[in-house]
Structure formats: structure tokens, C-alpha cells
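Q: So the chains spell out like this:
Number of protein chains: 2
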Amino acid sequence: MNWYFNEGKDGDIVISSRVRFARNIQGFNYTNNLNKTKLEEILNIFENNKQLLKKYGLKLLRLENMDDITKASLVEKHLISIELLKSKASAILINDEENICIMLNEEDHLRIQVFSAGFEIYNIYEILNNIDDEFGKCITYQYNKNYGYLTSCPSNVGTGFRCSVMLHLPALQLSRKLNKIIDIANNLNINIRGAYGEGTNSSGHMYQISNKITIGVTEKEILDNINNIVSQLITLEREERNNLLKNKLQLEDNINRKYGILSNAKIISSQEINEYISYIRMGIYMKLIDKIDIKKLNKIGIYTKVACLQKYFGKVLSPNERDVYRARVIKDILEEK
Amino acid sequence: MNWYFNEGKDGDIVISSRVRFARNIQGFNYTNNLNKTKLEEILNIFENNKQLLKKYGLKLLRLENMDDITKASLVEKHLISIELLKSKASAILINDEENICIMLNEEDHLRIQVFSAGFEIYNIYEILNNIDDEFGKCITYQYNKNYGYLTSCPSNVGTGFRCSVMLHLPALQLSRKLNKIIDIANNLNINIRGAYGEGTNSSGHMYQISNKITIGVTEKEILDNINNIVSQLITLEREERNNLLKNKLQLEDNINRKYGILSNAKIISSQEINEYISYIRMGIYMKLIDKIDIKKLNKIGIYTKVACLQKYFGKVLSPNERDVYRARVIKDILEEK
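These protein sequence lines map, in sequence, to chains A and B.
My numbering puts the first residue of the first sequence at 1, with every later residue one more than the last.
My numbering puts the first residue of the second sequence at 1, with every later residue one more than the last.
I should point out that these hints are in silico values taken from the structure, not numbers from a laboratory.
Honestly, I wouldn't trust all of these hints.
Note: identical chains are not told apart, hence a pair may lie in one copy or across any two.
[As the list claims (entries may be wrong)] Below, a list of computed lysine-lysine pairs in the DSS-like style, where the Cα atoms sit at most 30 Å apart: (1) K287 <-> K331; (2) K331 <-> K246; (3) K248 <-> K315; (4) K315 <-> K246; (5) K248 <-> K331; (6) K177 <-> K38; (7) K88 <-> K137; (8) K246 <-> K88; (9) K291 <-> K331.
Take these sequences, add in the hints, and give me the full structure.
A: Below is the structure:
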């Protein structure tokens, strides 16, 4: 099972955790200064190192061999960045569970990423560190003893480490308490961003928390800082959900109606889905709805995205068709045993 | 099974048919000029005629022995009028199927009514006629050879006959073609009235067609006239529903979403129900929804009415409670095998 269908620790609030290192290989310019031949050379280093790939169950997949829908579906699942698509010769090293996904020839030569459902930053950091060490035995990273790891963009220099956590904060958003929290977070060198749409507003009530600074701090400090703010947000969101229970029946009605529409509509847009999934997710954890479990909801969340939807049905769909097929995939998933 | 849960002929458009005779008994003033003792005397005539009641499986139920919720539920099912509740001593003669319901001491001494699901005016007229004849053997009706049967209100003098048909006309209402039809009907001595709310507008798209005139025409002519206009309305409504299929998918989506809300809400008002049931009813007959059949929908329609709901749960409910229990009875009915 792919990691993103699962639920993890503190799954009522934390959707997923992600850690990554930015690394570059000695003897090569940064990717934006490499021609296709040199970029291919980098890919070949990894393709030829069967032993290293086998250790983590990784396969090398070149983006030039993927159709557009497959590439877009990887972006939708946050496994790769849009940047990677622009490279003249890029690839990913990915395992079956898809919780390890290393981008090759994105902004940096390597973007080693490890993912998990739920709140698992320390555990996945261990895995990341291990991969980083093993890769470091086969290639020599660009490293400066004063600055640390060197990266294409100065914002990643030092540790090259980014830790991000995706949070579901419907109650804090509905109670308008989130803006104050975002201000505080900014002073703690933490970014909080709405995961859909512009700015901090988020139709699906999803927020991504990540560290701003990668230099002058240790990875341990970054993890502790993220752990600290996320733990507080979890507590605050849980309190706020308890407050919502003052109008329990109205909330239960609202959530179940949204499920009723989600499960019966014949045409449905992605904006609608985001809103419904958010309420139903909260409802499942608040025990206000029992007609669907979190794994099916996660599955609906993934397969109703524009590219994942087309990948599911194996064909290109116009925007109008997508709204119809989106309703069909929901039906399929709900009918699964 | 009570007749009103069934579906009858032309059930896609015709909910129910009803015929009634207004009759008064010789030797008694009209009910509004009778004291309680005299009114009781009338009830006793029927109570003591076991043979007559047995012939049609009728039981005499005195309204003074009924609680308020039971009385109100009979009004909601259109089996009795609100007028009957105001009488100092009234009763109904009713059979198990409830398709025969004779009001005693309403505006007239007898209001003999026969009901059916669907479009069945000629068949139920036969039954009505038969009952009228049999009752006429036991009591002497007030009759004048010039005017016909005499009634308390002049509008019923003559035949004392009223034939009414409940029609479901969502497509004609949505296309705004109904107003013109109502004008034409008025010139044909036919009343068309919205069955809910004021005037001709009807949130549930329900319309009652009945004859205006009871004198100077035969019962056969009244029936033929009603048959004629109802048949035309059936044809027009079916045509208009076909027109709606130009946007089949949107209609299917709309209907199924309404079903989704109806079947998942935890709080639901009666106005909402009327609208949803109307669309779902049309959807069932247009084969745009297959998750519910017409009998369950009819059952939901009945048991979500204010008094029927309280009768179902066997307790008095405040308006807020009713909205919650309404959602529960829907769940119960949908879960029935």
C-alpha cells in the first residue's frame, strides 16, 4: 500500500510528514548550468549502481519515459516538484511504497525525500540520514567546512535540510484563530502556508508547516522546533474541535449532508471535493460520521485530483468530463470491499 | 398496506384520486344546528348498524377518543378535514386499508369518501356509488327532486359529488407552463390548486384538480371532465419531463444530490423534505435514480409530516426535536428490508 493512503500518528490532525536533503555531486556544475549530456551522466551514476538502489528497493524512472498524466499525478501526490518537469534530463529513484522518492536533476542534483503518513518527523529523519550516508559512500557531495552542504539556491545551504508537516486545521480556521498563530510561527523561523490556493487561506483547511532556515542550526534543532510548533498546533486544534461540539448536532448534520452529496453527486468539481473531504475527515475523527473510514477518504482525496483521476481511468479527460468521472471514481471507491 | 403507500395507475404523475358524496339524513337539522345529544344520535345510528359496517370492513372511531396527534395525522393524510375536528361529536367510519373513510358530522352528516393511489376515478366512483346505495337502504337521505341531494353549503347541492386528483407536476411548474393551463382549467369548471402553501405555487410541485360545480351536471359528466383535463395534464407533464432530459446529467446530479442530503442529514425541515421528495419522485420515474423505490419514498413522505412523525415515535415533539426525529425516521425507512 502506498504510504499516502494510510493514517499515521496523530492522524486526526497530521496528514503527512516529509523530510529532505538537498545534495550536489562534486565535479558537476549545478543543474541549470549543465547540458543534457552532463545531466544524463548524473542519471547514469545512479542507474549503474544497482546495489545501492536495491538496498532501498529503488527503481530509477526517467521523466522522459513518462506520459504527461503520470508526471502530473506525481506532482499532485507531492512526490515531485513542478521544477523537476522542467529539467532537460531528470529522473526519480522511488520505491514501491513511494515513501522514498529521490529527485535527480531538480534544482539540485539530488533531492532525497522521505515521507510518512501522520506525525513521524524523527523516524523518517533516521531513514533519510541513513540513505544520505549510504549515497555519500558512492558519490562525493559538494561540501564546504564553513557553510556545510552547498546547494544551487542559497536558502538551502548548510544542512540542505527541510522538514515539512501537512496539518488539517479546520477548527482553527473556522474559529479564525489561525492568523495569530501564523504570526507567532513566523517569528520562530517557521513557515505556515495554506496547502491549496493563495496565501494562508485554504479551502481544504490544509496547512503546511516547514522550517525557513537551513544554516546555523542543526538538523536536530530544526526537528525539535517543528516538533514543538506542530505539537502545539495539534493541542490547539483538538481544543477547538471540542469547542465545536457545543453545536454537535448541527455539525453532525453538516458533515453528514456533505457526505451525502459527495457519495451521490453525478457531477462534482475539485473545489467541492476539497471542502467535503475536509469536513468528513474531521467528522471521522470526531466520531460524527461512521459511513466511511479514513483510508477510503484518503483514496478519494488522491484519485479525484485532476491527473490522478485521468490516470485511474487511463484516458485524457476534458474539464467537464473530469467532473463526471470524479463522481464515478468516488462511487467505485465507496463500493470497494 | 394502507392505500397511500402504494403506487397506482399513471403513478409517475398521479399521486392519488379521491371521490366523495355529501349526504344528510332526513329528520335532522344540519350539523351546525344540532346540539351534542342530536349529533350523538347520528353517530349511534351507524354504531348500531353492525351489519352495514361489516359489509365494508368499517370501524366507527369517535374523535373524542383520539389524542390530538392521531387526529392531526388523519388530517395530514387527507383522510379527514380540519372541519371535522371542530364538531362537538364527530366520528369516522374507516376500513383497515383506509381507502374508505366516511366523516360523520362534518359540515354534512355524511361525507362518504373513497381513495386510491394513482389515477382511478372511475373505479373508486363505483365503490363510492355502491356504499352510497347500501347506506341509502338504512337511512333516508335529504333529497329534493328539483335540486337533488341537499347539503349544508349550497356549493355541494345536487350531486353532492366531488372528484379530486392529486398530481405531481414538477416539470410543468419548472417550465412555467402551468399558469396558462390553470387559466384554461378555470374556464372548464375545474379547480387547480397547489397542494402545499398559498395559491397555485407549490414547493412539492403537487396540484389538486377537482370539479367546481356539483349541480346541473351528472356525476358521469364530472368524471369525464376531470378525466379529460387530467389526461391532458399527464401528457403535457410527460412531454415536459422529456424536455428536461436535454440536460440529463445535470438533472441526474441534482436529484441524486438531493437524495444524498435526504438520506444523510441529521436535522431536516418539512419544507426541505417536500422539495427533495418531489425531485426524487420525478427521478425514480425518469430512471435517474435507483437507490430508492416509490413505496419507501411515499412512506417517507407520510411519516415525516408533523403529526405522523410524532405518531410514529409515540411522543410529542417540539419543532426543533421534530427536525431531528424526521431525519431518524428517514433512516429507519431506508434501512427497512
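Q: Are the hints correct? Go through all of them and say.
A: Evaluated hints:
| no. | hint | in the structure |
| --- | --- | --- |
| 1 | K287 <-> K331 | both (22 Å within a copy, 18 Å between copies) |
| 2 | K331 <-> K246 | between (33 Å within a copy, 24 Å between copies) |
| 3 | K248 <-> K315 | between (43 Å within a copy, 23 Å between copies) |
| 4 | K315 <-> K246 | between (47 Å within a copy, 26 Å between copies) |
| 5 | K248 <-> K331 | both (28 Å within a copy, 19 Å between copies) |
| 6 | K177 <-> K38 | neither (50 Å within a copy, 73 Å between copies) |
| 7 | K88 <-> K137 | within (27 Å within a copy, 101 Å between copies) |
| 8 | K246 <-> K88 | neither (56 Å within a copy, 48 Å between copies) |
| 9 | K291 <-> K331 | both (13 Å within a copy, 13 Å between copies) |
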